[in-house]
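Asker: Could you use the hints to bring the two separately framed chains together as a complex?
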Amino acid sequence: MARQMTGAKMVVQALRDQGVDTVFGYPGGAVLPIYDEIFQQNDIQHILVRHEQAAIHAAEGYARSTGKPGVALVTSGPGATNAVTGLTDALLDSIPIIVLSGQVPTFMIGTDAFQEADTVGITRPCTKHNWLVKETSELPQILHRAFHVATTGRPGPVLIDIPKDVQFATANYTDAPKKSSYRYNPPVKGDQDSITALIAALETSKKPIFYTGGGVINSGPAASQLLRELVEATGAPITSTLMGLGAYPASGDKWLGMLGMHGLYEANMAMHDCDLMICVGARFDDRITGRIDAFSPHSLKAHIDIDPSSINKIIHIDIPIVGDVAHVLEDMLRIWKARGRKMNRDAVAKWWTQINEWRAVDCLKYKAGDSKIIKPQYALQRLEALTKDHDRYITTEVGQHQMWAAQYLNFEDPHRWMTSGGLGTMGYGFPASIGVQMAHRDALVINVAGEASWLMNMQEMGTAMQFGLPVKQFILNNERLGMVRQWQELLHGERYSQSWSQALPDFVKLAEAFGAKGIICSDPADLDDAIMEMINYDGPVIFDCLVEKHENCFPMIPSGAAHNKMLLGDASTKDAIKEGGAVLV
Amino acid sequence: MNALQIKKGANKHSAYNLRPTFSDTVEQHTLAVLVDNEAGVLARVIGLFSGRGYNIDSLTVAEVDRAGHLSRITIVTRGTPQVIEQIKAQLGRIVPVHTVNDLTVEGPSVERELALIKVTSEGEKRVEALRLADIFRAKVVDSTLSSFVFELTGTPDKIDAFADLMRPIGLSEVARTGVAALRRGED
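So the sequence lines, in the order shown, correspond to chains W and D.
Counting in the UniProt record's numbering, the first sequence runs from 1 upward without gaps.
Counting in the UniProt record's numbering, the second sequence runs from 1 upward without gaps.
Calculated directly from the structure, the hints in this document are not laboratory data.
Every value quoted in this text rests on a predicted model; they were computed, and no experiment measured them.
A few of these clues could be false.
What the hints assert, rightly or not - Restricting the straight-line Cα-Cα distance to at most 20 Å, the calculated cross-link-like pairs of lysine to any residue (SDA-like) are:
1) LYS134/W <-> HIS69/D
2) LYS313/W <-> ILE94/D
3) LYS134/W <-> PRO96/D
4) LYS179/W <-> ILE94/D
5) LYS313/W <-> ALA39/D
6) LYS179/W <-> PRO96/D
7) LYS313/W <-> TYR54/D
8) LYS189/W <-> ASP24/D
9) LYS313/W <-> PHE136/D
10) LYS178/W <-> ARG16/W
11) LYS313/W <-> VAL41/D
12) LYS313/W <-> THR25/D
13) LYS313/W <-> GLU27/D
14) LYS158/D <-> LEU132/D
15) LYS134/W <-> ASN37/D
16) LYS313/W <-> HIS69/D
17) LYS178/W <-> PRO96/D
18) LYS313/W <-> GLY53/D
19) LYS337/W <-> LYS178/W
20) LYS313/W <-> GLY79/D
21) LYS179/W <-> VAL97/D
22) LYS125/D <-> PHE136/D
23) LYS179/W <-> HIS98/D
24) LYS313/W <-> GLN82/D
25) LYS313/W <-> ASN55/D
26) LYS313/W <-> GLY123/D
27) LYS313/W <-> PHE49/D
28) LYS134/W <-> ARG44/D
29) LYS313/W <-> LEU132/D
30) LYS134/W <-> GLU27/D
31) LYS134/W <-> THR80/D
32) LYS313/W <-> GLY92/D
33) LYS313/W <-> ASP102/D
34) LYS179/W <-> ASP36/D
35) LYS313/W <-> ARG52/D
36) LYS509/W <-> MET458/W
37) LYS565/W <-> ASN552/W
38) LYS313/W <-> THR80/D
39) LYS134/W <-> ALA43/D
40) LYS134/W <-> ASP36/D
Just chain D, same shape as in the assembly (with noise of 0.2 Å):
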């Protein structure tokens, strides 16, 4: 019942009992996927979402438990309430994936992207570039006469705003890893 999000104890079920059905509004939701670490299974779940059209806005992958061989997908993705609920449902009866936990609903979270970003430029231009990295809280990991790489953590938000400022300024290469997310508190 889980994927249905269903309440223990309630006798009118729907999987939608907070939103409204079959709505037309488009939601993002950040799903945390734990998989068997096992050959082909990112395949698996690029696979469902390129074959049943649904989108990705950014997944990461990494082994997180070596000795239990398990893998977290993090997944930030977008559609109705329907298809979110789908996309979950579909997640859920892929045989290696243990887990799916939706971030966006199941209360606060934490979500983080690196950023790795370079910006050539000259002159006044490359003294503001530092200032803002400062502002942003953004390192610089490599440096030339005419170039910086910052390093960047934060929001998806925080992101693309540095990046938006940088661009003026001489932004010539973004790298992003794609979110990371935990939920908040002890569990």
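With the rest of the complex left out, here is chain W (with noise of 0.2 Å):
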């Protein structure tokens, strides 16, 4: 049916069509309009952030624990390049978000025009896909098919450029075509040999291990229900990517924790000795592989993923299937059955004893130290057991609370975790964490941070105070930047350059500033009274953790090594880290 609007008006009914509920942005000259139609409306509900990259990073946290795409709406010119770390952001780690920007009107574009920036030139590297509408008749077709692109394949960012001139004129409004009709719909069912093939090779496997990703959980709630089932019907352990975790619940007994440069020690030492590796939405990310020669040297490679440029990257893959992950897991799991449900029982259970032996090496205790400080790990332990039974969701920022809390804290379900993996952005954490509540009103929403990462958002309390949101910032102070400095312990002769906190604000009073709720905690003895206080208090609580400042975090490969050659704690890291490995990041 077509109905004549303004463009402005298009904006606001696609994002209705599109079952939109939620729009995370700040307005400006060149999105007038929008904003105009915005206010004339009560369906979609408009989050003003502070700032425009904590838009983009709160939409992602919307998008990640929902499983919908977030949206944000920005102006031209700062507006638009603010958001290019989220966007950079979003596609790194798969995310997808449709963003919003205006710009200057058409016939003022390429004069310099104030506030004019070239958007889509700027963000073409960091979005799935991008577009400048030029006729307000384009502009619906634009919108509908922003959304198909953001959310089917491979997600991502995607961002439409408005001008302003565009915004106020009138034309057809058309509606969304069937997802089918598209021509860019990439293949989901994977290829029925090449599953075989890889079942074949599962039925013989004596030492198997599933690697899982983020693909999982972008693939939908089916992915992860069958990911279980074929756990649990094959009995192969399963390691997954930081940014898989809760695919498969931490409390499996097939669960054997996170991979990779800071994961645990089995999940490590079995991708080394497996035999066959079934590497399911993930990408063999620097992170996971170390070094790249003496990975996992003796296994059978299968990868299954929706982007065939991820196949054959890094690794070289044995068994390629390029596939959503939700289709290929079924047609695993059917074509298993229906060829008699065979595994290598005997062989795998010989594989559980090696990996238990490694399980008992407890690679995440930690030495005690001094009873009256905290631990960091003590901490997260803590902030566990107290949090575990509630409605819960983490976000975190980047660097070694990050690690530590994918190492402490246990996932049970997907989209309950949301971190930056891929780009590593500190600051992601806060706005996330407003993104996440906003979506999941009544939930314990819980940013785990660390005091630098922290202040580069932390005007975003402004928009927890103006919409009510009791986000949860449980700040890990080491007034250092821990990871920077745990690096430069290991590499750089203890040259501790511009890697502490200095001028840290008193974080109680900063809380209080914004009619929020302080609470400063450095004694182990009242950690779980001040915890409790935070998860009891109604509305957003900055919780001041001063922990222990020089702790590293373990384990930990480093960089240039192989799995197989990771540091458990202190005494193993001198002169760990080899000339060759020392210019990797």
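Answerer: Right, here's the structure in full:
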């Protein structure tokens, strides 16, 4: 049905048609017509952030915690350039978000007009796709297509740049076409011969392992369910990347914990020694593989991914399967059952004996140290114990605290863990927690942060207060850029260049200045009560948890080393990183 | 599966069945990329090459289907087999890209390039320039008393050879279109 309306009205109408209930944004000259339309309706709630970067991260948090696309609205020029970090973050972590940016009127494009920037040029490499809309008549179909592109195939961020005259002009609004009518529809079904080849390998494998990633979560709830079923049925161990935590429950007995640079010893050793690696929706990132030529040297490798460019990019794959995780796992289960549910059970039992020996190393144990000082690991163990029975969502910033959170917090379900994996964006966690809380108003949303990361987007306290979002900011405060400090200790002769946080604010007073609650805790004896106080407070909380200042994050694969060369603690760090590894990040 | 060139019916799948895996040998490949003719599509393709550090030896682009708004980009690139496969997969996932064909491995193909070559010379050298042009079947498209502009079509090698021969005679400017290529045969 065609209806005449302005471009600005089309934006709101298309968002409504696409089922959007929340938009994160910040107004400015070039988006005023759209803001005028937002003012005149009640279906879509607009969350006013305090910086455009936060709008994008909040949209990401919304998307990661719901499985639905997140939407952000920013103005031209600086509004759009501030969105770049968030767009890149969403691109690397394959998060579906739609960013709408205002642009100067079409007749002023190219004149260096006020707040003009080449937004589609700047964001081309950091979006999955982007559009500059030149005619109002094209706008509705571009809006609908943007949602399709962002959520189809490997998800990712898209941007629509809308000049102000296009927002004012009138044209026909057209409804969204069927998804199947789009040319862009990457195949979801995997090649049956390849899947059968993988099952044949699985049936005879002595040391299989599932290595899963964010692709399982992106594929939807069915994928996590099928993964659980497949793992239980085959009895194979499973590890996951940072992005994939929660797809398989941490309480499951086949769970080895996270793998990678700060992954668990048993997970990395099992990856190194396995004879069949089944990579499901992960991408052999350098945080995972360590040294490439020593990566899992004796295994047959299968890779399930919806993006063909992920396959054979880093690691040679013997059985590539291009397809959607849920579709492929369903076929795997069906074919495996049809062939008689065969596994080399005796050999896999031996494999588990070996894995249990690695588990016995207890790689997450840490020195208790001074009983008056809170160890960051202990703080997270207590946070886990006191919040695990809640309807809980965790976001993080980037650094040591992020790795400790991944190690010490347990995730039973997908969409419960929001962290910046690929880009490693400090300042991600706080705005993301706002996006998560918007999607889950009654849930307990905690941002596990470091004090340095948290300061990068601390202006969002205003947003949390304005919209009554009771996000808990759990700051592990070591007055250091902990991960930078750790690398300087290991690699740069303990010369701690610029890696401490001087002139920190009083976080309690800071919270109070915004009208929120501030809690400070420095004694392990007070920690439980303080965490309970945070949980029970109905409103935003800044929790300043003063922790051991020089704690290093272990276990660790030093850069340039193989999986089986993990460092388990401070004693093993001397000269652990060779010259070749030092140039790696 | 197209981008990975996995043969239908094969059960031991590898993207590089026929060539050494992760070999260090650098190969030159000609890729034909069919894209929606929309604003910025060439920038996306070029940005992919520069952003990921791939090489472009030659690139041509023009609309080939006005009604369907399709352009054909012909890219000559070089890299190890792994890099070539990665380039194809990366091109294939650009949203407005319809198809990516590797003309170097998908059977025989024809490649042609057009060049305009200006030669400035006098006397016996002028005569020699015309003689060589005749051998190469180059056409004279502009002439003054002291210069010629030759039009030459052929493979890039042929154009290189002609330009090399003209250099001592008075080669002053070269303009080349880059390679256009098509698969031989019916389809």
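Asker: For each hint, tell me whether it holds in the structure or not.
Answerer: Taking the hints in turn, this is what the structure says about them:
1. A C-alpha spacing of about 17 Å is found between LYS134/W and HIS69/D, which places the hinted pair at or below 20 Å, so the restraint holds.
2. Restraint check for LYS313/W and ILE94/D: the C-alpha separation of about 16 Å stays at or below 20 Å, so the hint holds.
3. A C-alpha spacing of about 18 Å is found between LYS134/W and PRO96/D, which places the hinted pair at or below 20 Å, so the restraint holds.
4. Proposed proximity of LYS179/W and ILE94/D is supported: the alpha carbons are some 18 Å apart, at most 20 Å.
5. Simply put, LYS313/W and ALA39/D have alpha-carbon atoms about 29 Å apart, too far for the 20 Å limit, and the pair is violated.
6. Simply put, LYS179/W and PRO96/D have alpha-carbon atoms about 16 Å apart, close enough for the 20 Å limit, and the pair holds.
7. Straight-line distance between C-alpha atoms of LYS313/W and TYR54/D comes to about 14 Å, which keeps the hinted pair within the 20 Å bound.
8. Restraint check for LYS189/W and ASP24/D: not satisfied, since their Cα atoms lie roughly 33 Å apart, outside the 20 Å limit.
9. The suggested pairing of LYS313/W with PHE136/D is violated, with an alpha-carbon distance near 43 Å, which exceeds 20 Å.
10. This hinted pair checks out: LYS178/W and ARG16/W have alpha carbons roughly 16 Å apart, not beyond 20 Å.
11. With a C-alpha separation of about 24 Å, the suggested pair LYS313/W and VAL41/D falls outside the 20 Å cut-off, and the hint is violated.
12. The straight-line distance between the Cα atoms of LYS313/W and THR25/D is roughly 17 Å, inside the 20 Å bound, and the hint therefore holds.
13. Restraint check for LYS313/W and GLU27/D: satisfied, since their Cα atoms lie roughly 17 Å apart, inside the 20 Å limit.
14. Simply put, LYS158/D and LEU132/D have alpha-carbon atoms about 12 Å apart, close enough for the 20 Å limit, and the pair holds.
15. This hinted pair checks out: LYS134/W and ASN37/D have alpha carbons roughly 15 Å apart, not beyond 20 Å.
16. Only pairs whose Cα atoms come within 20 Å are accepted, and LYS313/W paired with HIS69/D is rejected, the gap being roughly 32 Å.
17. Note on LYS178/W and PRO96/D: the hinted pairing holds, with a Cα-Cα distance of about 19 Å set against a maximum of 20 Å.
18. The hinted pair formed by LYS313/W and GLY53/D meets the criterion: a straight-line CA distance of about 14 Å does not exceed 20 Å.
19. For the proposed pair LYS337/W and LYS178/W, the alpha carbon gap of about 35 Å is over 20 Å, so the pair is violated.
20. The straight-line distance between the Cα atoms of LYS313/W and GLY79/D is roughly 14 Å, inside the 20 Å bound, and the hint therefore holds.
21. For the suggested pair LYS179/W and VAL97/D, the alpha carbons sit about 18 Å apart, so the restraint of at most 20 Å is met.
22. Proposed proximity of LYS125/D and PHE136/D is supported: the alpha carbons are some 16 Å apart, at most 20 Å.
23. For the given pair, LYS179/W sits about 17 Å from HIS98/D by alpha-carbon distance, which is consistent with the 20 Å threshold.
24. A threshold of 20 Å between alpha carbons decides the hint, and for LYS313/W with GLN82/D the separation of about 7 Å falls inside it, so the pair holds.
25. Between LYS313/W and ASN55/D the CA atoms are separated by roughly 17 Å; this keeps the pair inside 20 Å, and the hint holds.
26. Straight-line distance between C-alpha atoms of LYS313/W and GLY123/D comes to about 58 Å, which puts the hinted pair past the 20 Å bound.
27. Pair hint LYS313/W plus PHE49/D holds up; C-alpha atoms about 15 Å apart against a cutoff of 20 Å.
28. The hinted pair formed by LYS134/W and ARG44/D meets the criterion: a straight-line CA distance of about 19 Å does not exceed 20 Å.
29. For the hint linking LYS313/W to LEU132/D, the alpha-carbon distance of about 48 Å lies beyond 20 Å, and the restraint is violated.
30. A distance of roughly 42 Å separates the Cα atoms of LYS134/W and GLU27/D; the hinted pair therefore is violated under the 20 Å criterion.
31. Among the hinted pairs, LYS134/W with THR80/D is inconsistent with the structure: their alpha-carbon atoms are about 41 Å apart, more than 20 Å.
32. Annotation: proposed proximity of LYS313/W to GLY92/D holds, straight-line Cα distance about 14 Å (limit 20 Å).
33. Among the hinted pairs, LYS313/W with ASP102/D is consistent with the structure: their alpha-carbon atoms are about 18 Å apart, no more than 20 Å.
34. Annotation: proposed proximity of LYS179/W to ASP36/D holds, straight-line Cα distance about 19 Å (limit 20 Å).
35. At most 20 Å may separate the alpha-carbon atoms for a hinted pair to count; LYS313/W and ARG52/D meet this at roughly 12 Å.
36. Among the hinted pairs, LYS509/W with MET458/W is consistent with the structure: their alpha-carbon atoms are about 13 Å apart, no more than 20 Å.
37. Proximity of LYS565/W to ASN552/W is assessed by CA-CA distance (about 17 Å); at most 20 Å being required, the pair is judged to hold.
38. For the given pair, LYS313/W sits about 12 Å from THR80/D by alpha-carbon distance, which is consistent with the 20 Å threshold.
39. For a cut-off of 20 Å, the pair hint linking LYS134/W to ALA43/D stands: about 18 Å separates their Cα positions.
40. Restraint check for LYS134/W and ASP36/D: the C-alpha separation of about 17 Å stays at or below 20 Å, so the hint holds.
Hint compliance for this structure: hints 5, 8, 9, 11, 16, 19, 26, 29, 30, 31 are not met, and every other hint is.
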